[in-house]
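K.L.:
Let chain A serve as the given structure and place chain B on it in line with the hints.
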Amino acid sequence: DTAVSQTPKYLVTQMGNDKSIKCEQNLGHDTMYWYKQDSKKFLKIMFSYNNKELIINETVPNRFSPKSPDKAHLNLHINSLELGDSAVYFCASSPQYGQPQHFGDGTRLSIL
Amino acid sequence: GIQVEQSPPDLILQEGANSTLRCNFSDSVNNLQWFHQNPWGQLINLFYIPSGTKQNGRLSATTVATERYSLLYISSSQTTDSGVYFCAVVSDMRFGAGTRLTVKP
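So the protein sequences, as listed, match chains A and B. Start counting the first sequence at -10; every next residue gets the next number (my numbering). Start counting the second sequence at -17; every next residue gets the next number (my numbering).
Chain A with its partners taken away, still in its complex shape (with noise of 0.2 angstroms):
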């Protein structure tokens, strides 16, 4: 059983176009996170939810917004796809803020 699962693996887009992605944890973690990661490999945290509520949100551009239907579930939906949204995005979840995160295995996502 995976523990924190994305879908899809890849998704290979247009510009211009919308797109979700989604992510369960079965672990029972109240906090989970979007990450993305760029192409030289570094890590930045987007937005983090707590039992369905938005407790951070760094710079991100309006084009993503989180949505969190229950506290296993945080999707990420993107308007209007620019090249540089190209990267592989993580979900993460961990019993609280704070505490040690595990990771899905992420979404690759390419802008044509």
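It is possible that some hints are incorrect.
Claimed, not checked - Computed list of lysine-lysine pairs in DSS-like fashion (alpha-carbon distance at most 27 angstroms, straight line):
no. : chain 1 : residue 1 : chain 2 : residue 2
1   : B       : K86       : A       : K29
2   : A       : K30       : B       : K86
3   : A       : K11       : A       : K30
4   : A       : K41       : A       : K8
5   : A       : K8        : A       : K29
6   : A       : K11       : A       : K60
To be verified - Per the computed footprint, the stretches of chain B lying under chain A, defined by three or more beta-carbons under 8 angstroms from a beta-carbon of chain A, are:
no. : segment
7   : 18 to 24
8   : 69 to 75
To be verified - Reference listing, derived: stretches of chain A covered by chain B, where coverage requires no fewer than 3 residues with Cβ under 8 angstroms from a Cβ of chain B:
no. : segment
9   : 3 to 14
10  : 88 to 101
In short, the hints are calculated from the structure, not lab data. Keep in mind the model is a prediction, meaning the values are calculated, not measured. Think of the CB as a built atom: it goes at the ideal place given N, C-alpha and C, for glycine as much as any other residue.
P.N.:
Below, chain B alone, put in the same frame as chain A:
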């Protein structure tokens, strides 16, 4: 915000060698984590180590929070150890830039 620096940026080893990876952070922390990103891109938890020393097989880690650093030791390295090693201050969700390790057979 807190700064996290890792060294060296790149490391090439012969199989069987030992290595030490370093993580420095700019302020006192109490929740440091080490990860291994394997060649398939998966981020694997290695240690959650706010302070002290932990061991898991050939890997061990030590954090000296008062001196603002953590070390990851890899002994008798294997080709499967290749990948990028990250340290992170999880309360700030700040990652270092990583150490890329290549272990040659």
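K.L.:
Look at each hint and say if it fits the structure.
P.N.:
Hint check:
A threshold of 27 angstroms between alpha carbons decides the hint, and for K86/B with K29/A the separation of about 22 angstroms falls inside it, so the pair holds. With a C-alpha separation of about 21 angstroms, the suggested pairing of K30/A with K86/B holds against the 27 angstroms cut-off. Between K11/A and K30/A the alpha-carbon distance is near 22 angstroms, which keeps this suggested pair within the 27 angstroms criterion. Of the supplied pair hints, the one linking K41/A and K8/A holds, its CA atoms being roughly 21 angstroms apart against a limit of 27 angstroms.
Of the supplied pair hints, the one linking K8/A and K29/A holds, its CA atoms being roughly 23 angstroms apart against a limit of 27 angstroms. Distance hint between K11/A and K60/A is fulfilled; the C-alpha atoms sit about 13 angstroms from each other, no more than 27 angstroms. Residue count for the segment 18 to 24 of chain B with a Cβ under 8 angstroms from a Cβ of chain A: 3. That meets the three needed, and the coverage hint holds. Only residues whose beta carbon comes within less than 8 angstroms of a beta carbon in chain A count, and the segment 69 to 75 of chain B has 4; three or more means the coverage holds.
Coverage of the segment 3 to 14 of chain A by chain B is violated in this model, with 0 residues showing a Cβ closer than 8 angstroms to a Cβ of that chain against a need of three. Look at the segment 88 to 101 of chain A against chain B: 8 of its residues bring a Cβ nearer than 8 angstroms to a Cβ of that chain, three or more, so the hint holds.
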